[in-house]
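**Q** Residue-level listing of the chains:
2 protein chains.
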Amino acid sequence: MRQLIVDLGERSYPIYIGEGLLEQAAQLFGKHAIPVKSPIMIVTDESIAPLYLGKLQSVLEGAGYTVHSFSVPSGETSKSLEMYERVMTAAIQAGLDRHSSIIALGGGVTGDLAGFVAATYMRGIRFIQCPTTILAHDSSVGGKVAVNHKLAKNMIGAFHQPEMVIYDTLTLKTLPMREVRSGLSEVIKHGLIWDRGFVDWCREHAEQLLHLDSEALAYALYEGCKVKSYVVSQDERESGLRAILNLGHTIGHALEAVAGYNELVHGEAIAIGMVGSALLSQRFGYESEIHRITKQLFERFGLPVQIPAHMETDAILEAMMHDKKFKEGQMVFVIPVHIGKVEIRSDVKVEWVREVIEQLKGKERA
Amino acid sequence: MRQLIVDLGERSYPIYIGEGLLEQAAQLFGKHAIPVKSPIMIVTDESIAPLYLGKLQSVLEGAGYTVHSFSVPSGETSKSLEMYERVMTAAIQAGLDRHSSIIALGGGVTGDLAGFVAATYMRGIRFIQCPTTILAHDSSVGGKVAVNHKLAKNMIGAFHQPEMVIYDTLTLKTLPMREVRSGLSEVIKHGLIWDRGFVDWCREHAEQLLHLDSEALAYALYEGCKVKSYVVSQDERESGLRAILNLGHTIGHALEAVAGYNELVHGEAIAIGMVGSALLSQRFGYESEIHRITKQLFERFGLPVQIPAHMETDAILEAMMHDKKFKEGQMVFVIPVHIGKVEIRSDVKVEWVREVIEQLKGKERA
Ligand SMILES: NC(=O)c1ccc[n+]([C@@H]2O[C@H](COP(=O)([O-])OP(=O)(O)OC[C@H]3O[C@@H](n4cnc5c(N)ncnc54)[C@H](O)[C@@H]3O)[C@@H](O)[C@H]2O)c1
Ligand SMILES: NC(=O)c1ccc[n+]([C@@H]2O[C@H](COP(=O)([O-])OP(=O)(O)OC[C@H]3O[C@@H](n4cnc5c(N)ncnc54)[C@H](O)[C@@H]3O)[C@@H](O)[C@H]2O)c1
Ligand SMILES: [Zn+2]
Ligand SMILES: [Zn+2]
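These protein sequences, in sequence, are chains A and B. Read in the working numbering, the first sequence has 163 at position 163, and its numbers run on one by one without any break. Read in the working numbering, the second sequence has 211 at position 211, and its numbers run on one by one without any break.
Since the hints were made in silico from the structure, they are not lab data. Check the hints yourself; a few may be wrong.
[Stated by the list, open to error] Here are the simulated lysine-lysine pairs, BS3-like style, with alpha carbons at most 25 Å apart: (1) LYS349(A) with LYS150(B); (2) LYS37(A) with LYS153(B); (3) LYS153(A) with LYS55(B); (4) LYS153(A) with LYS55(A); (5) LYS295(A) with LYS349(A); (6) LYS55(B) with LYS37(A); (7) LYS150(B) with LYS150(A); (8) LYS31(A) with LYS349(A); (9) LYS55(B) with LYS37(B); (10) LYS226(A) with LYS173(A).
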């Protein structure tokens, strides 16, 4: 078992990563003095429940916990105020008190929703995360929890650090392949912004990662969490440094907004976005090898590196301007300086972005 | 203008109390460096809007702020998730960003609702309170914000300290008399738990207070806030000392639960509750003058000191047992030791409580 401490002063917490950790949940609960007297509630989704809920529930019941559970439909639509209210109702009916814990068993959707319930139930109770996706290595660090408003994603939320994160790599075996690649895209991002050595390691271990080799996965998740954790502990409330975590996300979010249903998942969109950032970095005179290495890396992981040709450049730019990061003809972008290091530039010209989008659509040679 | 600092480390904030302070809102906003660039939103209720919204809005617009507003129906029913979502929608449509402020102009209902929106809009933005009731002196200290769930009051919320509190005593002139008395009940509570001198002062200035004399009111609000502030700064997250603020509330909440529509407002219910706690204190051998003084004090303010005879003792006890503070035949109560000092007792026998309820119904002489 690997263990990483997310260092946030009195809100510090450990991330445990390893194969079969759900089996050890009871010991970990004991270690964290989670009281047996107060009922606890597992929040999960309907795809994950049949796979892992029974296991986790029986392990905890075996240790004397009164365990309730609530499953939400799979997918982003469950991150809604409606579902938030339903989980709240379930928590009240289950009799959760101020010493109770809410446990998220699932991916980022479950984590964000259950975490926001935990942040606001009786003004905040304990929150424990059991991530079951690779992408959730990202949401397991930083304490950002949220639901979506009809008008805007992640608009309603809080900062609420978990008590601990129990990351059982065995659960990843059932992840659909597309979710595997998508999650790895965010892992690689953490290398690209911070740690060239880890980027090299990812390239060399692409095969193992894609085959869900437990050792390789545990290492990659550990390193991904470590980078994010370092950044977050420097900037818990997102006032500065934390922005570097958005590498690839300005373009990525715009692509997600413009894409048709199920056309691009998050990790795919940001992979294209990171290739775009690498192209932008050339405008600042940085090495063209940044682009070459970034592109080859994502190709190796079977991730897209081009914008689907049918997407309108204007629509993509339009979506970006709705983003908060745009002001007066200049855009704020995370730009790679070399592999493993980025900078925030607020002097990216809109026409450069337009040209890069065209390049990403394959209309011009990069 | 009086000024009190609620001392909570880096979350400390001032409460400004004085006549005509809404006129000075722009200066106070300037003093607190509330940015003019980002739009702000005033949340108020439909009774208060016609009285004070125009004034506050024009003062702030005069200083260059872009001011949006949203009015909710008056009354406790607006502290709902439905209304929360509507205020959120208004905030998004108004284009509030991470540097925006939400301003509550109103009583505890507006403050709790708007404060919870501020706590969770984009994971938390600035919150400024402009209380317009006497009771809101209580909610202006401590940062507790919440909405009600259909199944339980104040169940969904957060701790979110305001940036500042602007308490204009002029606005209190339009308060219905019943709300005046109700609010003063909570002011007196702060004396009873902490400061005998202030209790004496209240008794001597009952006339001025009931006639809304600005000087007397400002002093009483200042002293009430000061006691609460001291207690809260010792125990921000409500783990111990803060419980003394519940003097009279165990019985009071039960009475509110059992009372018919509009039969008892909060301050009335807790006045009866405080008389009940004084009766209970006799069981622990404390002076009977505690009861005499408490009862006479509330009578002087025109507050009820008896439980309406038609309320069933069993129903009241039942409601109390639903309260979190009950366990195994013993109840946790805040008990006066003498005027100006209380203690938390977890060894109050249920039969004593039954007898006290009977006494409060006038069935037995106290
Ligand atoms: N809070 C943060 O800091 C943060 C960071 C990144 C992303 N997020 C959020 O995370 C969400 C995306 O996360 P996600 O990709 O994990 O989404 P997700 O939770 O929807 O999971 C993706 C899909 O995989 C299924 N699934 C999950 N685990 C499985 C398993 N072990 N076996 C089989 N199927 C499984 C789910 O049912 C779902 O259909 C977004 O809402 C995003 O906003 C939050
Ligand atoms: N957050 C906390 O720490 C805390 C503490 C105590 C109470 N509360 C909450 O506060 C609420 C009760 O507060 P409240 O009594 O101020 O209720 P309120 O906000 O509903 O105000 C009472 C009534 O007076 C009217 N009103 C308010 N100001 C007026 C004015 N200046 N002129 C004329 N009419 C006016 C309102 O429209 C309303 O009808 C409850 O929901 C309670 O839970 C919160
Ligand atoms: Zn991402
Ligand atoms: Zn009260």
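**Q** Next, verify each hint and record whether it holds.
**A** The hints, checked one at a time:
1. LYS349(A) with LYS150(B): The hint is violated at about 51 Å.
2. LYS37(A) with LYS153(B): holds, 23 Å
3. LYS153(A) with LYS55(B): Violated, because 35 Å separates the two Cα atoms, which is more than 25 Å.
4. LYS153(A) with LYS55(A): Violated, at roughly 32 Å.
5. LYS295(A) with LYS349(A): holds, 23 Å
6. LYS55(B) with LYS37(A): violated, 53 Å
7. LYS150(B) with LYS150(A): Cα-Cα ~23 Å, so holds.
8. LYS31(A) with LYS349(A): violated, 53 Å
9. LYS55(B) with LYS37(B): holds, 21 Å
10. LYS226(A) with LYS173(A): It holds: about 23 Å lies between the C-alpha atoms, which stays within 25 Å.
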